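S.K.: Each chain is listed here by its residues.
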Amino acid sequence: GNSVTQMEGPVTLSEEAFLTINCTYTATGYPSLFWYVQYPGEGLQLLLKATKADDKGSNKGFEATYRKETTSFHLEKGSVQVSDSAVYFCALSSISGGYQKVTFGTGTKLQVIP
Amino acid sequence: NAGVTQTPKFQVLKTGQSMTLQCAQDMNHEYMSWYRQDPGMGLRLIHYSVGAGITDQGEVPNGYNVSRSTTEDFPLRLLSAAPSQTSVYFCASSLGQKQETQYFGPGTRLLVL
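Line order of the protein sequences matches chains E and S.
Residues in the first sequence are numbered consecutively from 10, following our numbering.
Residues in the second sequence are numbered consecutively from 271, following our numbering.
Simulated from the structure, these hints should not be mistaken for laboratory data.
All values derive from a computational prediction rather than experimental measurement.
The beta carbon of each residue, even a glycine, is placed where N, CA and C say it ideally should be.
Careful, some of the hints might be misleading.
In the EDC-like style, the derived pairs of lysine to aspartate or glutamate whose C-alpha atoms are separated by at most 20 Å in a straight line are [claimed, not checked]: (1) E/Lys69 to S/Asp326; (2) S/Lys279 to E/Glu51; (3) E/Lys118 to E/Glu17; (4) E/Lys110 to S/Asp326; (5) E/Lys77 to E/Glu24; (6) E/Lys118 to E/Glu24; (7) E/Lys118 to S/Asp308; (8) S/Lys368 to E/Asp64; (9) E/Lys69 to E/Asp93.
Restraint ranges, calculated between C-beta atoms of paired labels, are given here [said to hold, decoys possible]: (10) S/Pro345 to E/Lys61: 44 to 54 Å; (11) S/Asn335 to E/Gly87: 22 to 32 Å; (12) E/Gly50 to S/Ala272: 12 to 22 Å.
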């Protein structure tokens, strides 16, 4: 079956540091890949996505590239801010039995300190 | 648009009680689903629906029932609450059957004593 593996957190960074959160996946076929972000006390919201190999998703300074050869979708940001403190979920979506099936990673908590 | 709404925000139940978690969306999305979020386990799919009148089980369906009588609403019923069902529950919707973005509600925090 499909699976998503994320680096365990929490990750603590100083403001303006470089961020990488690793994500690798196992899936058959050609899944779409997503990063969702969850701020404290809220539901998940889409951060970025990529639907095919070599696509780069980007939003709010975050980027991730769909690497089929390494089955990875690592999240990066050049300079984090305190407001980026949240939990980040990597996810993949594929079609199974004609219907969408979404698999989430366990989430990585990011804490950015001033 | 209100997006995906969930009620209640927080609920305390005693073991054996039943209750219904409400979920509604106003985006005319076909696909709706329920997840539970537990520490260190990410989100796990409980039940999902691909349209009115069609539901199916996800990864962890035991102890939960769903129905989908309208496109807008997708309630989750706990038949006889157990402490193991203490969790945060999220409802999500997406436009259709393709590999599309999911829109999440704000969540319901449930404590079963």
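S.K.: Each hint: holds or not?
M.R.: Status of the hints after comparison with the structure:
The hinted pair formed by E/Lys69 and S/Asp326 fails the criterion: a straight-line CA distance of about 36 Å is larger than 20 Å. Restraint check for S/Lys279 and E/Glu51: the C-alpha separation of about 11 Å stays at or below 20 Å, so the hint holds. Under the criterion of a C-alpha separation no larger than 20 Å, the hint pairing E/Lys118 with E/Glu17 is consistent with the structure, at around 8 Å. Only pairs whose Cα atoms come within 20 Å are accepted, and E/Lys110 paired with S/Asp326 is accepted, the gap being roughly 12 Å.
Distance restraint check for E/Lys77 and E/Glu24: the Cα-Cα separation of roughly 32 Å exceeds the 20 Å cut-off, and the hinted pair is therefore not satisfied. Proposed proximity of E/Lys118 and E/Glu24 is supported: the alpha carbons are some 15 Å apart, at most 20 Å. Restraint check: the Cα-Cα separation between E/Lys118 and S/Asp308 comes to about 14 Å, which is no more than 20 Å; the hinted pair holds. With a C-alpha separation of about 18 Å, the suggested pair S/Lys368 and E/Asp64 falls inside the 20 Å cut-off, and the hint holds.
At roughly 10 Å between alpha-carbon atoms, E/Lys69 and E/Asp93 fall within 20 Å of each other, so this suggested pair holds. Distance hint check for S/Pro345 and E/Lys61: the Cβ-Cβ separation is about 36 Å, which falls outside the suggested range of 44 to 54 Å. The hinted range of 22 to 32 Å is not satisfied by S/Asn335 and E/Gly87, whose Cβ atoms lie roughly 47 Å apart. A beta carbon spacing of about 18 Å between E/Gly50 and S/Ala272 agrees with the range 12 to 22 Å that was offered as a hint.
Going through the hint list in order, the structure does not satisfy hints 1, 5, 10 and 11.
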